[in-house]
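There are 4 protein chains.
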Amino acid sequence: MKALWSPTGRIGLERDFWIAVMKGQRELGIAIPAAAIRDYERVKSQIDLGSIDARERVTLHDVKARIEEFSGLAGREFIHLGLTSRDLTENVEQLQILRALRLVQWKAAAALHGLAAQAAAHRNLLLTGRTHNVPAQPTTLGKRIAMFGEELLSAYTRLGELLDRYPVRGLKGAVGTQLDQLTLLGGDFKKTAQLEQRVLKHLGFKAALGAVGQVYPRSLDFEVVTALHQIAAAAASFATTLRLMAGQGLLTEGFQKGQVGSSAMPHKMNARNCERICGFATILSGYVTMCSGLAGHQWNEGDVSCSVVRRVALPDSFYAIDGLLETWLNVLGQMTVFPAAIAAESERNLPFLATTTILMEAVKAGAGRETAHEAIKEHALAAAQALREGGEAALVERLAGDARLGLGEAVLRRILSETHRFVGAAPAQVDHFVTTARTLAKAQKGAARYQPMKLL
Amino acid sequence: MKALWSPTGRIGLERDFWIAVMKGQRELGIAIPAAAIRDYERVKSQIDLGSIDARERVTLHDVKARIEEFSGLAGREFIHLGLTSRDLTENVEQLQILRALRLVQWKAAAALHGLAAQAAAHRNLLLTGRTHNVPAQPTTLGKRIAMFGEELLSAYTRLGELLDRYPVRGLKGAVGTQLDQLTLLGGDFKKTAQLEQRVLKHLGFKAALGAVGQVYPRSLDFEVVTALHQIAAAAASFATTLRLMAGQGLLTEGFQKGQVGSSAMPHKMNARNCERICGFATILSGYVTMCSGLAGHQWNEGDVSCSVVRRVALPDSFYAIDGLLETWLNVLGQMTVFPAAIAAESERNLPFLATTTILMEAVKAGAGRETAHEAIKEHALAAAQALREGGEAALVERLAGDARLGLGEAVLRRILSETHRFVGAAPAQVDHFVTTARTLAKAQKGAARYQPMKLL
Amino acid sequence: MKALWSPTGRIGLERDFWIAVMKGQRELGIAIPAAAIRDYERVKSQIDLGSIDARERVTLHDVKARIEEFSGLAGREFIHLGLTSRDLTENVEQLQILRALRLVQWKAAAALHGLAAQAAAHRNLLLTGRTHNVPAQPTTLGKRIAMFGEELLSAYTRLGELLDRYPVRGLKGAVGTQLDQLTLLGGDFKKTAQLEQRVLKHLGFKAALGAVGQVYPRSLDFEVVTALHQIAAAAASFATTLRLMAGQGLLTEGFQKGQVGSSAMPHKMNARNCERICGFATILSGYVTMCSGLAGHQWNEGDVSCSVVRRVALPDSFYAIDGLLETWLNVLGQMTVFPAAIAAESERNLPFLATTTILMEAVKAGAGRETAHEAIKEHALAAAQALREGGEAALVERLAGDARLGLGEAVLRRILSETHRFVGAAPAQVDHFVTTARTLAKAQKGAARYQPMKLL
Amino acid sequence: MKALWSPTGRIGLERDFWIAVMKGQRELGIAIPAAAIRDYERVKSQIDLGSIDARERVTLHDVKARIEEFSGLAGREFIHLGLTSRDLTENVEQLQILRALRLVQWKAAAALHGLAAQAAAHRNLLLTGRTHNVPAQPTTLGKRIAMFGEELLSAYTRLGELLDRYPVRGLKGAVGTQLDQLTLLGGDFKKTAQLEQRVLKHLGFKAALGAVGQVYPRSLDFEVVTALHQIAAAAASFATTLRLMAGQGLLTEGFQKGQVGSSAMPHKMNARNCERICGFATILSGYVTMCSGLAGHQWNEGDVSCSVVRRVALPDSFYAIDGLLETWLNVLGQMTVFPAAIAAESERNLPFLATTTILMEAVKAGAGRETAHEAIKEHALAAAQALREGGEAALVERLAGDARLGLGEAVLRRILSETHRFVGAAPAQVDHFVTTARTLAKAQKGAARYQPMKLL
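Chains as they are written, first to last, in this note's numbering: chain A, 9 to 464; chain B, 9 to 464; chain C, 9 to 464; chain D, 9 to 464.
Accuracy of the hints is not assured; some may be wrong.
Same chains, same names: a pair is fine if it fits in one copy or spans any two.
Only pairs whose alpha carbons sit at most 20 Å apart, straight line, appear in this in silico SDA-like list of lysine to any residue [stated by the list, open to error]: (1) Lys214 to Leu106; (2) Lys462 to Thr444; (3) Lys214 to Glu169; (4) Lys214 to Gly168; (5) Lys276 to Leu192.
If you're looking for bench data, these hints aren't it; they were derived computationally from the structure.
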C-alpha cells in the first residue's frame, strides 16, 4: 500500500501511463518511432525525486517537471502529446485507487477466511448472548463471530460491485471535450475512442466515463471511501465486542510470546489492537466527511479546491484501512479464548436465561402454568437481588427448593446441561456463514494463507 | 415518501408483516384459524393513533401497545407468536427503507430523463467552458448538462446494485439464534427457514441476512444513506453550476408564470431552488456522519444506542433526498436558457480560447510558428489587460491588425464562426449520455412522464 | 424548548421584534403613532397559523404573509418599515438560538448539581478503576463520576463564554449596508446605531456584529452546535461507562417503580436511557457536520443554500441536546448503585491491584526486594491463569502461602482492607469537583432543584 | 509548526517535561542530585531517532525506550519517577497543542492585519453587492472584505478564550488518583499539588484539570479542532467570494512576477490559492468528524481507541490550518483588484440597483408615485429582457426617454454618479472593523509585519 501511494510509486505509474498512450498513438498513426518508446521504457525505473524537484523549482509546474525529467532520461520528446495535466493526473490517481481497492479486497478476503476459521472453531461454545450489554439469551461464540463476519460479507460484496465497474476518466482534455486528441488524430472520433480503449485496457480498467469535465466526478471518491468505511465498520463491531469480552476476562486478543501487560501489572491483557481497529474506523469516518465535502461541489468543468483534500483523504484512507486490516488479521490469528471463563459466566447466567424452558418442563411435570410462572419470577428477582447485594444468585437452588415447580436440583441441572436446547440455530448459522465466506473469498488467490505483518 | 414514514404508514406495514407471519405459521402447521387471520385482515386499516397512545401509557411498551390494539380490533390473539419486538421493528424498518429506496430510484430515473432532455436540447449550443471558474476552452451547454448526468449515472447504478441485494434481517429472535421460532415449530430447522422465506417473499425482499444478532448490522444503514448522498452529489454539482451561470445572467432555473424576483427588484431572478438542492445535499452529509457514528459500534448482539439516531437519520434522509429530487425535477422542467447571453459571453471569450487554432491557421497562411506564437501571446495579454482596465478586449481586431500573422479580420471571424472546430466530441458525448440514460432509466415505468410537485 | 422553536413560538418572537423596532423608530422621530403600537401589542398573541398559511398561498412570500396578518389584526400598517426579510428572520432566529442556549445552560447547571450529588454520595466507595476496560488501579465511584463532571465543566465554561458574547446581526438591510434604515432616518448614522442598540437591548443581546452581509456568518451556527456537542460528549462518556458497569451488574441507571426488564426476563435491567444519551450525542455529531458544511461557504453577501439546512440543523440540535439533558437528569436522579456487587468486584481485583503495596510491606517485613518481586509476579500470573481456567484467583492465599514474602493471610487482608491506601487523592478530587461545580452552577437559579420530565 | 509536531520536536518537549518534573521533585525533597539534573540538561538536545528506534525494538515499549535513551545519554536514572506513560504523553501532547494554538493565534492576527489593510484600501470602491449570486444592492469592496474580517473576529475571539483557559491533565497517575506521586511524596497532598503547579508553570499552562482518568477528556480535542475550523471558515468564505469575483474578471488573487496562467492560455489567472484555502477548510471538517467520534466515547478511566486517531487528527489539523493561514496571507498580500472592471460591472448594474432612489427623485420632480413606480418597473423588466437577449440593458436611456418620470439622462447620470448615496454605512463599517481588528490583533507582537512563506 505504501509503495502504491509513495512519490516513487506514483511516478512509476505515470510513466507506465505515458508509455501506454504513446503505444496507442503510434498504432493509430501518430509519428512516434518505436525506438523512442523503447528509450522511454528503458529508463522508466530511473526515478530520481531530487532531480524532479530541482526541475520543478525552475518550471514552477509539477507535471512539466516530470515530463522534462522523463524525456531527458530517454533523450526523446514524445510523451504527453495532446494531453493536459489532468489527463495524466486523474487517470493515474484512479489507477492508484483501483489497485489499492484490489489490495483491500484481497486482505478483506483474508479476514473472511480468518473469521470463518474462528467461527468454525467455536461453533458450539455456549456463550451468554447480550443485548443492552446485559445477559439476554444464550448463543455460541462461533455464532457471535459469524455475526460480525456477516457484516463483513455485505461490505465485501459492495466492494466487489464497485471494483467491477469502477470507471476511469480517460483521455478527455482540458474541459472534457477531447479536443486536443481529436486534433492530433485528424478529427477522427473513432480513433480517439480506440486510443482511449487501448490505454484503459493497458491500465486494467473495465470502463470509462463518457461525459466528464476537467475532472471525474468527486462523488466517485466518496463512493470509494465509504466502501472502505463499511469494511472498517465490520471490523470495529467485532473489535468493540472483543474489548467488552476482554474486560470480562473471557478472552484475549492475543499476546505475543513473552509480552507482558505492563511492568507493574504483568497479568494485565489489554485489547490494544482491538482499540486500534476502532480508531482506524473513526479515522475513516473523518475521510468520509472530507469526501462528502467534495462530492456535489463541482464548479463548471472543475476547479482544484478538491486537490489538497484528495491528496490527504485518498492515500490516508487507504493507509487507514490497510492498517486496520493488518491489525485485524493479527487479532484473528492470535486471539485466545478462555473456555473455562466463558463457561463460568454461562453458569452464572444460564439459570436466568433458561427460565422459559424451565417453565415448560415444570408444566410438563404437572405444575400449573400461572403458578409456575409466578414462582419462577419470584426466584429470578430474588436471585438478581442477591447478586446485587454481593451474594450468590443460587437460582437453581432456589427453584429446586420450591414445591410449586416440582423439579429437583438434579433435574434442573440436567436441563441446564443440555445446552443445545438453548442455542437454537446458532451452530447452523455458523456453518452457513463459513461456507458463504469461503466461497466468496476463494476468488482472491492466496488470501487464505496470508500472514499479516507483525505489529509493533 | 411521507406516507411511508408516517406513524400510520408504519403501523400499516407492521400489520401486513404480522399477517404475513401468521399465514406462514399456519401453512407450517401452527394452529392459527383461517378465520382469525381474516379477522385481522378485516381491521388492518383501522389505525387509531390516539387509542394506541392510550394503551402505551398503560403498558409502557410501544410494541405491546400496538399488539393489543390490533388484537383488540380483531378480537383475536394470534399475532406476534414466537416473535420478539425486534423481529417486528427491524423487518418493518427495513421494509420502509426498501420501499423508500425504490421511490428514490424511480425519481432518479425521472431526473435522468430530465437531464437527457436538457442535454439533447442544448447539444450544440456553444458555451465557454470554465476551469477554476475562469474561461478555459469551449464546450456546449448540452455537454455540460450531460457531465452532471454522467455523475448521476454512477450514483444510479450503485443504487440499483444495492436494491438488487438489500438483505433483510428476518425472523431471528432475541439474540439472533431463532430460538423462539424453532421452539414454536418443534425444533424443525427446515420449517424455520421456510417461514422466513415466505415472510420475505411477501414483503418483497430478495435476500435475508444469515447470522445476525438482535439487530441487523448498522453499516447497512450507512450504505443506504451514502447511496442517497451520492445521488444528491450529482444534483448539487449541477445546481452549483447553475447558480454560477445564473449569476452571470446566462440562464434562469425557471420562474413560474407571474413570479417576480422581489418587490424592490422585479427583474432579479434568484436560483433559490438550486440553492435548496445544495442545501439538501449538505443535510444528507450530516446524516452520513450520524450513520457512520453507528456503523461499527455494535456491542455484543446489539444495543439500542442506535435507536434514537435511526429514528432521526433514516426518515429525514429520505425526506431530504425526496425534497431534493422534487426540486431538481422542477428545475429540469422549468430552466430557461438565454442563448443570446451565452453567445455574448462566447464572443467575448472565444478569441482567447481559439488562439491555438488561430496559430495553426497563421502558420498555414505562411507565418513562422515562433513569430506567430509570440504575436498571439502579446495580443492575448494586452487584450486581457484591457478588460481589466474596463475596456474592450478587441482581441480579433488586435490580431487582424498584426502583419506578422497575415490573417485579416474577415478570415479571423470566419474561423471563430466555425464553432464545431472548438467543441471537439462534446455533441457526440451528449448523444452517448442521452442513449445510456434513457436505456438505464427505462426500467422505471412512468418515470419519464413524471410531473414533480409544485414548489412553494 | 418546543415552544421556542414551534411556528407559534417563532411568530411570537417576530412580533416582539417588530414592536421593538417600531418603538425605537418612534423614539428616533419616525412618525409612528403610539396608539398604533398599542394596537399591535394588543393583538400580538392572536396567532392563527391557518390564516397566515392562507395569506402565503396568495402572496407566495412567507414574510409578507406574516406582515399582512399582523397588520390586519392591528388594523395598522407600521411594522417592517425600512426592513428587509432577513432583518426580521436573521435576528429572530438568533433570538431563538440565544434563548435556547440559555435553557441549555440552565439544564447543564442542573446536571452539574446532579453529578456533584452523586460524586459526593459515593466519594469513598472503593471501585476497580479500569484502563483498556481491564482492571488497572483502584479509584472510587465518586471520583469516576467527578471525572465525567470535570468534562462537563469544560463544556459548561465554553458555553458560558459563548453566551457572554453571542453577537446578533442587527438591522443591516439587504446586503448589510444599512441603506434602508439610513434613508428612513434621514441619513443619520448615529440614529441608525441608536435604533439598533435599542432593539438589541430589548431582545436581550449583549453585542451586535459590525460588518455583515445579508446574513450573519454561518460559522457562528457551527460554533453554537459544536458547543452543544461538547456538552453532549460529557454526558455520553458518563453514559458509556454506566452501560459498561450495568453490564457487569455493578449498578443500574434506575428503574421506575414497578418497571420490569422484559416480560420474559423480569430481572433484566437495561441501561436504555444511557444508550439513548449516547444516541443523542451521535445525532449532534451529524448536525455538526451539517453546520460545518455551511461554515465557510458564503457566496458574496450571502445566498440561501444554508436555509433548508439551518431549518433542520438548528431546532433539531436543540431538541437533541434537550432530550439528552432531560434523559441524563433522570439517570442522575434515579441511578442505583449496588455497593455489595462493587465490593465483590474489588475483592476479586484488589489483590492484583495492590501488588506494589504488598511488595513494599514484604520488604519492610524483611524480604529481599528482588525475591519478593519475583514471588509476587509468579503468583499474580498464576492467579490470572486460574481465573482464565474458570477457577478462583485466590491470590491472597497464594501470597500468604509463600514464605519468601513473610506475610500471613491476616496481614495481607489487613493491608487490603486499608482501602484509603489505594485510592490516592480520589476523595479529595471529589471534594474539589463538588465545590467547583456547585459554585459555577449557582448562577443558574433554581437549577439545583429542577425535576426533569418523566421519560416514556 | 512542523518542528512542533516532528518526532524530534516532540522528544525535545518530553525531555523538558522530565527535567521540569525532576526539578520540582527535588525542591519538594525527593533525593535527586542537582548534578544529575545538570547531566540531563547537558544532553537534552542530543536526539538520535535511530538509537531510540533500536531500543524500542528491544523493549517493545515506546516510552520505556525513550526513558532509557535519555538516561543512557545522561548516565543517570532519575527521570520518570512516580510517573506513568500517560503522565508523560498526555501532558506533552497538550503542550504541543498549546504551542500550536498560540502559533495559529499569531498568524490569525496577521490575517486580521491583512484584512484590515485590504478593507481600508478599498473602503470606498463601489461594488455590486450580490445575494443569491445576483446583483442586489451596492456596497463597497472594502465592506465586503470587512465582512469576512468580521467572521474572523468571532473565530479569533473564541480562540483567545480557549487559550486563556486551556487546561492540562497534569501529574495524575495511571487512573487519575495521583497514587504514585502521593506515595513518592510520603502521602503529602499539598506537596503533590505543589509539584503539579511547578510543572505546569514551567510548561506555560494556566490551568490544570482536577478529576481526570488515565487521559484528559477527548471533548477537549474536539474543542480545539472546531476552533481551528471556525478560523478556516472565515478564510473559506473570503476565498469562495474571491473565486467568484475572479471568474467575473474583477480581481486576481495575485500572480507572482513572471507567472503565467498556463502555457496555452497565458492570460488565464486561476484563483488556485483561494481554491486551496477552501480545500484546507474541507480537510478540517473531516478532522472535526474524527474528533467528534472520540468525544463522548471514553470507557471508564480511559482506553486507547483514541490514540491512533489523535496521532492523525491533531498534527494534521494544525498542518491544515497552518497551510491555510500561510496561503491566505499570501493572497492578502498579493491580491490585485481591477477597479475599472469593477466599475464597468457597477455601471451595468447600478441603474437597476438604484431604482428606489430614482423613484424618489421622480416624485420630487413632480411625478405621481404610482405612475412613476409602474414606469420604472416596465423599463427594468424590459432592460433585463434585453440583456438576456444578448443586447444592452440601456436602462438609463429607457428611463430618460419616458415622460412619465420627467428626469432627463443628465439628471439620471448625476444621480447614479453620487455613489455615496447607494453604499449606506459601508465605509463607516469598514472603519469600525479596521479599528477593532487592529486593536485585537495588537497583542500578537510582530504579526502585523509577518511575511508568509512563499507558496509553490
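Now the hints, each set against the structure:
1. Taking the shortest alpha-carbon separations for Lys214 and Leu106, only the intra-copy value of 11 Å comes in at or below 20 Å, while the best inter-copy value is 30 Å.
2. For the identical chains of this complex, Lys462 and Thr444 are neighbours neither inside a copy (29 Å) nor across copies (48 Å), given an alpha-carbon limit of 20 Å.
3. Taking the shortest Cα distances, Lys214 and Glu169 sit within 20 Å of each other both inside one copy (12 Å) and across copies (17 Å).
4. Both within a single protomer and between protomers do Lys214 and Gly168 lie at most 20 Å apart by alpha-carbon distance, with minima of 13 Å and 19 Å respectively.
5. Taking identical chains as interchangeable, the C-alpha atoms of Lys276 and Leu192 are never at most 20 Å apart, the minima being 69 Å within one chain and 23 Å between chains.
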